[in-house]
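Modelling step: build the complete structure from the supplied sequences, incorporating the hints.
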Amino acid sequence: MGKLKRDRYEDLLEPMERELVAMARWVVTAGARVVVLFEGRDTAGKGGVIKTISRYLNPRMCRIVALGKPDERERGQWYFQRYVEHLPTAGEIVLFDRSWYNRAGVEKVMGFASDEQVQSFLSQAPQFERQLTDDGVILLKYWLACDQEKQEERFEERLNDPLKRWKLSPMDLAAREKYREYTRAREAMLAATHTPHAPWTIVDFNDQKRGRLTLVRDLLDRLPHEYVEPAVIEMDKLGAKPAREEFDIVEPIAPYPLD
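Here the sequence shown is numbered in UniProt numbering, starting from 1 and rising by one per residue.
In case anyone wonders, no lab produced these hints; they're calculated from the structure. Among these hints, one or two may not hold up.
Unchecked claim - Taking lysine-lysine pairs in the DSS-like style, the calculated list, with each CA pair at most 25 Å apart, reads:
#1 K51 <-> K237
#2 K150 <-> K5
#3 K209 <-> K164
Given below as structure tokens:
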């Protein structure tokens, strides 16, 4: 299966983008609460697909949550506590760029959590998610997969591209040797938390463009949304000649030179 070309990708994505905007109208109208978790390999493409989904959505009703390391206070809390405050209210979508499943992934593999903490998490996560879904939250969980060869190519690209260097951290480099350990951690996570009320969906992201299309299509198909017509807005003609900007106190800076 050949790599998807940019032009073809854009053609296929455009109607889905329109569906995403319509879906967001339904979320607001229905007062739905939607949570989408994105987990997966480093470099798989979590950030890219999140940008694809949120690109044309109102940021006041579609929030992206990407939490850093817990601070001292958060380390003393119930593990799920700092995630709870980011859950959506009625009419909101929240996209988690990594989530509470850090404990079953990076924290387990890199030794930041004990075996007892990991096992406690794997036991509690289905119960926590059951509480969310029983309360009406729509919860979708995606795991983005890519082969190690592709992962290495993307690490190399980040290393050599000054615009992407910020994406490469010492943690990423330390994790390069633990590809199979992450596989085992993922399988243990799936065994414990792939439940009827909160199932996992794995998406192949070796080709990131195809992966985005696959994931967005699945997300749209699984949300129980109905089409909501856009609000009718009539814009009358101005009653006078259009005005020009006028400045008394501060003038605009010089335009960027084109020559």
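| query | Checked against the structure, which of the hints given earlier come out wrong? | reply | 1
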